[in-house]
Amino acid sequence: MIKVKHINKSFDDKKVLDDVSVSFEPGKTNLIIGRSGSGKTVLLKAIVGLHDVDSGEIWYENVLFNKLGFEEKKEIRKEMGMLFQGSALFDSLTVEQNVRFPLDMFTKKSPEEKAGRVNFCLERVNIINANKLYPSELSGGMKKRVAIARAISLNPKYLFCDEPNSGLDPLTAILIDELIKELTEEFSMTTIVNTHDMNSVMEIGEKIVFINEGVKCWEGNKDEILSSDCAILNDFVFANALAKQLRNSGR
Amino acid sequence: MIKFLSQLGRYFILLKKVFSRPEKASVYYKQTMHELVYLGINSIGIVAIISFFMGAVITLQTAYNTENPIYPTYLIGLGTRDSILLEFSSTIVALILAGKVGSNIASEIGTMRVTEQIDALEMMGVNSASYLILPKMIATLVFNPFLTLISINVGILGGWIAGTTAGVVTSEDFIYGIQYAFIPYYITYSMIKTLFFAFIITSVSAFHGYYVNGGSLEVGRASTKAVVHSSVLILLFNVILTQLLLS
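Protein sequences appear in the order of chains L and D. Read in order, the letters of the first sequence are residues 1 to 251 in our numbering. Read in order, the letters of the second sequence are residues 1001 to 1247 in our numbering.
Just chain L, same shape as in the assembly:
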């Protein structure tokens, strides 16, 4: 289980996270939702250690992660995979090399074993016959899927996804959501997804945390979110015209 306790983070004078505490459920798809600029990405990057927090604790099982040194963090990081907002594939490497990179760096597998694992991961995310392509030759959806394949190549315990649907059309976005949910169940991972997409919330949200201006305002599941009495959350959930109409019609 991943737990964050009373974390605070500021950039210069601007407070971005204000006393945020939350537990993420193991083996489930946990969602951090909120408006753009609400502090979701900073929270996710703090959880994975890309941002140092000013105060507070980040626990992975029984390990206080944010107090570990670089070398000690490395051991836990081998159990993490992350999908970045812009995919963050290495431009100079092909699809195959991108997925193989963590295996080259951290395992002693033979070239054949690595190739087998790379092909398994790519097939699992439905990337076929693209091993030799470079990221610049891929569509946005394909890049995300390759990035997911890279993230799962070391068979991680934790998967983190920062805005997995940004820049994708609705159908591709649903495919990515479904893929994340399937992989979470298949590999029993604890997944944390940052999103402001309500489709994702309703598709895959098993535990949902709502952040507003750096403060955790609400947490619950997708069934509870529609009947919440949190006004700021309701403004966010029913932001578009269709959702407003559905709410007003009582459906």
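Bear in mind the hints are in silico, worked out from the structure with no lab data behind them. For glycine and all other residues, C-beta sits at the position ideal for the given N, C-alpha and C. There could be a bad hint or two in this list.
[Said to hold, decoys possible] Computed from the model, here is a short list of chain D residues facing chain L with C-beta under 10 Å:
#: 1; residue: ARG1010
#: 2; residue: MET1033
#: 3; residue: VAL1037
#: 4; residue: LEU1121
#: 5; residue: MET1124
[Said to hold, decoys possible] Pairs of lysine-lysine, DSS-like flavour, derived with a Cα cap of 25 Å:
#: 6; chain 1: L; residue 1: LYS132; chain 2: D; residue 2: LYS1017
#: 7; chain 1: D; residue 1: LYS1017; chain 2: L; residue 2: LYS74
#: 8; chain 1: D; residue 1: LYS1225; chain 2: D; residue 2: LYS1017
#: 9; chain 1: L; residue 1: LYS114; chain 2: D; residue 2: LYS1030
#: 10; chain 1: D; residue 1: LYS1017; chain 2: L; residue 2: LYS67
#: 11; chain 1: D; residue 1: LYS1024; chain 2: L; residue 2: LYS132
#: 12; chain 1: D; residue 1: LYS1016; chain 2: L; residue 2: LYS73
#: 13; chain 1: L; residue 1: LYS3; chain 2: L; residue 2: LYS67
#: 14; chain 1: L; residue 1: LYS108; chain 2: D; residue 2: LYS1225
#: 15; chain 1: D; residue 1: LYS1030; chain 2: L; residue 2: LYS109
#: 16; chain 1: L; residue 1: LYS74; chain 2: L; residue 2: LYS5
#: 17; chain 1: L; residue 1: LYS74; chain 2: D; residue 2: LYS1225
#: 18; chain 1: D; residue 1: LYS1016; chain 2: L; residue 2: LYS114
#: 19; chain 1: D; residue 1: LYS1017; chain 2: L; residue 2: LYS78
[Stated by the list, open to error] Label-pair restraints from in silico Cβ distances:
#: 20; chain 1: L; residue 1: ASP91; chain 2: D; residue 2: PHE1019; range: 23 to 29 Å
#: 21; chain 1: D; residue 1: LYS1017; chain 2: L; residue 2: PHE120; range: 29 to 35 Å
#: 22; chain 1: L; residue 1: GLU72; chain 2: D; residue 2: LEU1245; range: 41 to 47 Å
#: 23; chain 1: D; residue 1: PHE1019; chain 2: L; residue 2: GLU213; range: 24 to 30 Å
#: 24; chain 1: D; residue 1: GLN1061; chain 2: L; residue 2: SER136; range: 17 to 23 Å
#: 25; chain 1: L; residue 1: PHE120; chain 2: D; residue 2: LEU1005; range: 49 to 55 Å
Using the hints, position chain D against chain L.
Frame of chain L; chain D shown alone:
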């Protein structure tokens, strides 16, 4: 002043990260080989072209400025050799490489920063500073002395061709001149300067790229800063090293 000291501190912190133990030697070796080609071999063309023409101009300038019967014409060869050996092939070539290689390093690493590729490396537990910068540093430290040697030879060749073609010096006099009063230490001096300059180009450019914050505009700015700061430092260290090595 505080900003300068803070930047200097960040530079040395980055260097400490760069020189920490690599995760996997085989991956670093491959990366270094790639950088040798990318930063070293790919620079041979520009270094050769510039050296050839600079050698030619140095010869012609020396000839036209020493047009006096009391000066033997073989001094044109000697002047060309020493100008190329002492300053041109180490310092001027380093300034050219600061433009070509330095901007390349800063923009490559800067783009990786703004597109979260460096975050992706850190996230995996890779020491991104070491993985990205150390192979470039090794590649330039190993290959730039060869570039300097190529520059010396091509520069002198350019001088010989220009001088004999223009008729300002005979082939025999030029060849006699380039051998006259030759001091082998000048090559060592040139190599030492080249190594210092290679380190400056790589580390300063990588520093500017690594700490880019923002988008493509900032990457462009970092690239410009990398070239300007590397060039100024090369000129400064040229003075210091000349005083230390030749005094």
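Quick rundown of the hints versus the structure:
no.: 1; hint: ARG1010; in the structure: violated (15 Å)
no.: 2; hint: MET1033; in the structure: violated (14 Å)
no.: 3; hint: VAL1037; in the structure: violated (12 Å)
no.: 4; hint: LEU1121; in the structure: holds (8 Å)
no.: 5; hint: MET1124; in the structure: holds (5 Å)
no.: 6; hint: LYS132/L <-> LYS1017/D; in the structure: violated (32 Å)
no.: 7; hint: LYS1017/D <-> LYS74/L; in the structure: holds (15 Å)
no.: 8; hint: LYS1225/D <-> LYS1017/D; in the structure: holds (22 Å)
no.: 9; hint: LYS114/L <-> LYS1030/D; in the structure: holds (17 Å)
no.: 10; hint: LYS1017/D <-> LYS67/L; in the structure: holds (19 Å)
no.: 11; hint: LYS1024/D <-> LYS132/L; in the structure: holds (24 Å)
no.: 12; hint: LYS1016/D <-> LYS73/L; in the structure: holds (18 Å)
no.: 13; hint: LYS3/L <-> LYS67/L; in the structure: holds (14 Å)
no.: 14; hint: LYS108/L <-> LYS1225/D; in the structure: violated (41 Å)
no.: 15; hint: LYS1030/D <-> LYS109/L; in the structure: holds (17 Å)
no.: 16; hint: LYS74/L <-> LYS5/L; in the structure: holds (22 Å)
no.: 17; hint: LYS74/L <-> LYS1225/D; in the structure: violated (33 Å)
no.: 18; hint: LYS1016/D <-> LYS114/L; in the structure: violated (32 Å)
no.: 19; hint: LYS1017/D <-> LYS78/L; in the structure: holds (20 Å)
no.: 20; hint: ASP91/L <-> PHE1019/D: 23 to 29 Å; in the structure: holds (26 Å)
no.: 21; hint: LYS1017/D <-> PHE120/L: 29 to 35 Å; in the structure: holds (34 Å)
no.: 22; hint: GLU72/L <-> LEU1245/D: 41 to 47 Å; in the structure: holds (45 Å)
no.: 23; hint: PHE1019/D <-> GLU213/L: 24 to 30 Å; in the structure: violated (42 Å)
no.: 24; hint: GLN1061/D <-> SER136/L: 17 to 23 Å; in the structure: violated (47 Å)
no.: 25; hint: PHE120/L <-> LEU1005/D: 49 to 55 Å; in the structure: holds (51 Å)
The earlier numbered hints that this structure contradicts are 1, 2, 3, 6, 14, 17, 18, 23, 24.
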